[in-house]
Every structure is written in C-alpha cells, then in structure tokens.
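Enquirer: As they're listed, the protein sequences go chains A and B. Start counting the first sequence at 0; every next residue gets the next number (numbering that gives the first Met the number 0). Start counting the second sequence at 0; every next residue gets the next number (numbering that gives the first Met the number 0).
Worth flagging that the hints you see were computed from the coordinates, not collected in a lab. Any given hint might turn out to be false.
Given that identical chains are not distinguished, each listed pair holds provided it fits within a single copy or across any two copies.
To be verified - Distance condition first, Cα-Cα at most 30 Å in a straight line; then the derived BS3-like pairs of lysine-lysine: (1) 20 to 74; (2) 201 to 136; (3) 166 to 184; (4) 195 to 136; (5) 187 to 57; (6) 137 to 210; (7) 164 to 137; (8) 187 to 95.
Protein chains: 2
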Amino acid sequence: MSSPHIEVCFSPDFLFQHQLKGKIVVVVDIFRATSCMVTAFAHGVESIIPVAEVEQCKSLQATGLLAAAERDGLKLEGFDLDNSPFSYMQQNIRGKTIAVTTTNGTQAIAQSTAADEIVVGSFLNISSVASYLIESKKDCIVLCAGWKGHYNLEDTLFAGALVEKVKGHFEMEQDAALSALMLYKSSKSELLAITKESAHVKRLAKLNIHKDIEFCLTNDKYQVLPVYTNGRLVNVN
Amino acid sequence: MSSPHIEVCFSPDFLFQHQLKGKIVVVVDIFRATSCMVTAFAHGVESIIPVAEVEQCKSLQATGLLAAAERDGLKLEGFDLDNSPFSYMQQNIRGKTIAVTTTNGTQAIAQSTAADEIVVGSFLNISSVASYLIESKKDCIVLCAGWKGHYNLEDTLFAGALVEKVKGHFEMEQDAALSALMLYKSSKSELLAITKESAHVKRLAKLNIHKDIEFCLTNDKYQVLPVYTNGRLVNVN
C-alpha cells in the first residue's frame, strides 16, 4: 500500500490549488492564534468557537461566552481576552467556552471546512499533531494561515518542522512541502533569530510582544490536540 | 530617498496579490523556457515571440517563422525547436525570429503584460538581470513560472539567488523574498543535488534531460538581457 501524501499550502488564498475532501487539514498560525488555542486547551478550556467575523464573536459573547477578538495584532475593545498565549494561562478559563476571531488563524479554519478533519497545530503541540497524522494514515495538508492571505515565514517554518517529524510515513510530491522542510532544516538551530527578520515579527515588534514570540517557538510545551467538530474546537488528547 | 522594493511571486496563479503597474517583472522558468530564451539570444536570435497557446504558435510558424512548442516537457509534433537549451546552439537560428510556447514560462509572460517592463531571467544571465534591476532603480517582482500554477523549487532558488545579488539596493518587505533568499543561501553549494529532489526534475528525469538541468544551473554563461517590447522579446545587452 502506498503512503498517504502530505502537502503544504502557504496561505488560505492558495487553497484553491488543493483538494480538501478526504484529507486532514492542519491549520497553523504560529504568531499567535493557533499557539493561543493550544495554550488555552492546556489550561483547561472546554471548547473554542473560531469565527471569521468580529460581529459573530460579539454575538457569542452576548450569550455569556468568553470572547477574544484580534485584528492587526491588537485586542479589540470590549472583548475578554487578547491574542497572547499568556492571557490564556489563568484559572478562570477552566471549563469555559471561548469565542475567538483573529486576523488570520480563524479565517484559515473557516476556509477549511470542506476537509474531513481540521486540527490545530503549533510548535507548542507539534509532537501531538505529528503522532495524530501518523496514526491517521490519511492524506493531509498543512495550511499556513499567513498574513492577510500572503505567504509568511513562521508558519512555513512550522510546516517544515512538522514535515520533518512525519516524513517517513508520508509521500511528499510537492515542492512546497520540500521547500518548507529545507527552510526549517536550515533555520532550526536559530529559529528565534531568523523569525525576527520576518515581516510579521517586525510588525509585532512594535507591539512589544517579544515574550510571546519566544514562547510560540517552544516545542512540545503541551500535549493537547485541538480538533474541529460541529463548529467548535475540542481537545481530543 | 528610500530604496525600491523587490518582491517574489511564487507562481503566476498568485499574481493577483501583486500590483504590476509601475514595476519591472523578471519572469523565470529555469527548467527550461527562460534558460532556452537566454541561450537563443546568446546564439544570435533576433527576436522571440512568446505566445500562450499552441495554435498561435502554429499560425506564426505558417508565416515563415521558426517555432518551438513544448507541453509537459515534450516538443510538440510539427515544430522546429524543442525546449532544450542545446537545440538553440546552432548557426541557422542567427538573425531569426522564433515563436515560442511552453507549459509555464510563456504563460507567465502573458500574465505580466500590465507591468512597466518584463525581462527574462535565468541563472545563465543572472548578473545581467541583476545589473539591469540595480540601474533601473524601480520596484520589481521576480515572477516564478512554477509548474502549471503551482510553486516550484528551482524558480524560487533562482529568485533567491537574484535577491542575494541585488539586496543592498532594494527593500525586501515580504517574507516570500526573504524565504527565497534563505533557501538559496542554504542550497547554493549543492544546487544540482538539491534540485534533483524537486518534483519538476523528477518529472523531467524520465525525459532523460540531465544535461539540460546541469546547464540551466550554470551562472553567467551569457550576458544577454531579453526584454519584452511590442509583443516580442529582444536582447538589449
């Protein structure tokens, strides 16, 4: 039997080149949406409802849920939580459901719903994601959330790191996956320094979130595996 | 005065993310369309008419021009020249005009006509292209022809090599350019071995064109600079 395939898609805007049906999509927004989601589950959040629009998020907040809304790196006024993983390290989110909308990450989830399964990946839970993919034995796509539809470096580096972990179990027919792997291999000893050159980190640097950047590049801090089911993410690990 | 910008676009299918007006587009199809064009000019071809469709190419042949048509790596029946640079190293093309259509390269030119200028790049003439961009002091986009709209490794490696040559003179705001540069820097000592892993080279390997691959990765073999004017490419160097 031939191995399943792994593909990398550099941005939701390039998803039209990929067939989603029958596949697992790993959604990645390293700085910082998927890193936040993983951190939230590690701190006992019951479920996360990712929504594309701020208005939807506000409506969910009005029903009594906690809500987090970020645009262009900033927390929007009137919401409970921001887009820093550190804001999810607190007791009072345990057992709660959080509605979340972000500039890139939640858009990527919204655009992947034709897939068989959607899982949330970050460096913080990379080994849990890798094990899940290997055990699933299904074709998969690592979907980089990018920045407003554009390619970005940090999500691609994660894609390369994930490809490195699973490549013995998957076919890699596509140059995007090969390039992500090459990029990661040439950068992994100095990820923090290299991502500092990226457009998004330069953008975020103005927001003084250096601690977030460093944290989001930590491997295997948590063993959670957020999976999207019936409109919400739950931790299946 | 701030420096002009250099962007990298991984495929003509992603051009919708770029503004072409006011910019120079460097079209790149390393294996093998743009490498062939550069080789043809180095051997005295007067002009090249790149066309997107096979039928257009056949019509131009009927008017007495030489014609080259390639699809999926193979020369189409009834045409004079194929898509190997070696087929352009001959005396009887001197002074001639050649109509050309290829799977990727000529499509990329056809999609770039909104730009201020289109130039043809390959490793074979990389320093001529770099000098032209530096002297022009205009914003530019390196457009990788890719493979049927998909990202490919070899065109991206060329983009990185070109960025390396010009980067002191351009701003690089975009992670695609940064990543192409990183990929090239980590690969340049073993380009041939690395491109052998690429999907396109694996595809071409079946056609037994190893000699072409090696040739197309040679730096600065020729000092020609093909520029697109009034529907045709001419050498302005």
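Enquirer: Please go over all the hints and tell whether each is borne out by the structure.
Expert: Against the structure, the hints:
1. Taking the shortest Cα distances, residue 20 and residue 74 never come within 30 Å of each other, neither inside one copy (34 Å) nor across copies (35 Å).
2. In the homo-oligomer, the alpha carbons of residue 201 and residue 136 lie at most 30 Å apart only across protomers (25 Å), although the nearest pairing inside one protomer, at 38 Å, exceeds that limit.
3. Taking CA atoms no more than 30 Å apart as the test, residue 166 paired with residue 184 passes in both settings, with 13 Å inside one copy and 23 Å between copies.
4. Only between protomers do residue 195 and residue 136 lie at most 30 Å apart by alpha-carbon distance; the minimum there is 27 Å, versus 35 Å within a single protomer.
5. For the identical chains of this complex, residue 187 and residue 57 are neighbours neither inside a copy (39 Å) nor across copies (51 Å), given an alpha-carbon limit of 30 Å.
6. In this assembly of identical chains, the alpha carbons of residue 137 and residue 210 never lie at most 30 Å apart, being 36 Å within a copy and 38 Å across copies at closest.
7. For a Cα distance limit of 30 Å, the shortest separation of residue 164 from residue 137 inside one copy, 16 Å, qualifies, whereas the shortest one across copies, 42 Å, does not.
8. Neither within a single protomer nor between protomers do residue 187 and residue 95 lie at most 30 Å apart by alpha-carbon distance, with minima of 35 Å and 51 Å respectively.
Of the numbered hints listed earlier, those contradicted by the structure are 1, 5, 6 and 8.
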